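Chemist: Each protein sequence line maps, in turn, to chains A and B.
Numbered continuously in our numbering, the first sequence closes out at residue 111.
Numbered continuously in our numbering, the second sequence closes out at residue 114.
Since the hints were made in silico from the structure, they are not lab data.
All of these numbers come straight from a predicted model, not from anything done at the bench.
We treat Cβ as the ideally placed atom computed from N, Cα and C, and that holds for glycine.
Take the hints with a grain of salt, since some may be wrong.
[Unchecked claim] Here are the simulated lysine-lysine pairs, PhoX-like style, with alpha carbons at most 25 Å apart:
| # | chain 1 | residue 1 | chain 2 | residue 2 |
| --- | --- | --- | --- | --- |
| 1 | A | Lys70 | A | Lys56 |
| 2 | A | Lys98 | A | Lys70 |
| 3 | A | Lys70 | A | Lys26 |
| 4 | B | Lys70 | B | Lys14 |
| 5 | A | Lys103 | A | Lys26 |
| 6 | B | Lys14 | B | Lys71 |
| 7 | A | Lys98 | B | Lys70 |
| 8 | A | Lys103 | B | Lys9 |
| 9 | B | Lys71 | A | Lys98 |
| 10 | B | Lys57 | A | Lys98 |
| 11 | A | Lys103 | B | Lys57 |
| 12 | B | Lys14 | A | Lys26 |
| 13 | A | Lys56 | A | Lys26 |
| 14 | A | Lys98 | A | Lys26 |
| 15 | A | Lys69 | A | Lys26 |
| 16 | B | Lys57 | B | Lys9 |
| 17 | B | Lys71 | B | Lys57 |
| 18 | A | Lys98 | A | Lys56 |
[Claimed, not checked] Covered stretches of chain B (chain A as the covering partner; in silico rule of three or more C-beta atoms under 8 Å from a C-beta of chain A):
| # | stretch |
| --- | --- |
| 19 | 34-42 |
| 20 | 47-59 |
| 21 | 88-94 |
| 22 | 101-113 |
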Amino acid sequence: SQQGEEDPQALSIQEGENATMNCSYKTSINNLQWYRQNSGRGLVHLNLIRSNEREKHSGRLRVTLDTSKKSSSLLITASRAADTASYFCATAQYRDDKIIFGKGTRLHILP
Amino acid sequence: NAGVTQTPKFRVLKTGQSMTLLCAQDMNHEYMYWYRQDPGMGLRLIHYSVGEGTTAKGEVPDGYNVSRLKKQNFLLGLESAAPSQTSVYFCASSYSPGEETEAFFGQGTRLTVV
Numbered sequence: 001s002q003q004g005e006e007d008p009q010a011l012s013i014q015e016g017e018n019a020t021m022n023c024s025y026k027t028s029i030n031n032l033q034w035y036r037q038n039s040g041r042g043l044v045h046l047n048l049i050r051s052n053e054r055e056k057h058s059g060r061l062r063v064t065l066d067t068s069k070k071s072s073s074l075l076i077t078a079s080r081a082a083d084t085a086s087y088f089c090a091t092a093q094y095r096d097d098k099i100i101f102g103k104g105t106r107l108h109i110l111p
Numbered sequence: 001n002a003g004v005t006q007t008p009k010f011r012v013l014k015t016g017q018s019m020t021l022l023c024a025q026d027m028n029h030e031y032m033y034w035y036r037q038d039p040g041m042g043l044r045l046i047h048y049s050v051g052e053g054t055t056a057k058g059e060v061p062d063g064y065n066v067s068r069l070k071k072q073n074f075l076l077g078l079e080s081a082a083p084s085q086t087s088v089y090f091c092a093s094s095y096s097p098g099e100e101t102e103a104f105f106g107q108g109t110r111l112t113v114v
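In isolation and in its complexed conformation, chain A is listed as follows:
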């Protein structure tokens, strides 16, 4: 079964608003990664947060990690039309070689 589960499955917001996507996972992890996928394209890495980190910032992106709740969030501030895409969390477990993805959140930015 898949390790990560994103919430919500789909999200539509107005341009300029903030978008928050959540990811829950089941087992202990070494790190958690977020990826973006534009329609029909491959995935692009956005951010990686280690299990001993709580928050990371990169431009308009903010990623948080709560290992006690086994959850992470991705916040996109001041959304733009170009942010319309699917967003996936992926986990790499300690002493495991696999990268396991969740089902993703489809984000649609309305003009």
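Assemble chain B onto chain A, guided by the hints.
Modeler: Chain B alone, transformed into the frame defined by chain A:
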């Protein structure tokens, strides 16, 4: 720097036919992965490799075989294609997930089995 290249990009197979998908990376990565993506299911790991000559099963390995004869190439084979294998297939490579490095993805292969 090409990154991860998948061939072919599109393919239509008849049920029972066989085919091989090729993934090539030029980043000297040890780890390579094959995923399939279906609507509403996200990406599911089929098989992966931790180095030349090694392969391992992922979440959904049935009906697929893989080989990693050269470090830069990871092949995914379908011996007898079934309509349930209609999907978009993605290859990815990574230096090492345990070293906290990202995965790089190819552009995908859209496979239809009729």
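Chemist: Each hint needs a verdict: does it hold in this structure or not?
Modeler: Now for the hints, and whether the structure bears them out:
no.	hint	result
1	A:Lys70 <-> A:Lys56	17 Å, holds
2	A:Lys98 <-> A:Lys70	18 Å, holds
3	A:Lys70 <-> A:Lys26	7 Å, holds
4	B:Lys70 <-> B:Lys14	29 Å, violated
5	A:Lys103 <-> A:Lys26	14 Å, holds
6	B:Lys14 <-> B:Lys71	31 Å, violated
7	A:Lys98 <-> B:Lys70	20 Å, holds
8	A:Lys103 <-> B:Lys9	23 Å, holds
9	B:Lys71 <-> A:Lys98	17 Å, holds
10	B:Lys57 <-> A:Lys98	10 Å, holds
11	A:Lys103 <-> B:Lys57	20 Å, holds
12	B:Lys14 <-> A:Lys26	38 Å, violated
13	A:Lys56 <-> A:Lys26	22 Å, holds
14	A:Lys98 <-> A:Lys26	15 Å, holds
15	A:Lys69 <-> A:Lys26	10 Å, holds
16	B:Lys57 <-> B:Lys9	24 Å, holds
17	B:Lys71 <-> B:Lys57	18 Å, holds
18	A:Lys98 <-> A:Lys56	23 Å, holds
19	34-42	holds (count 4)
20	47-59	holds (count 5)
21	88-94	holds (count 3)
22	101-113	holds (count 8)
Violation of the numbered hints given earlier is confined to hints 4, 6 and 12; the remaining hints are satisfied by the structure.
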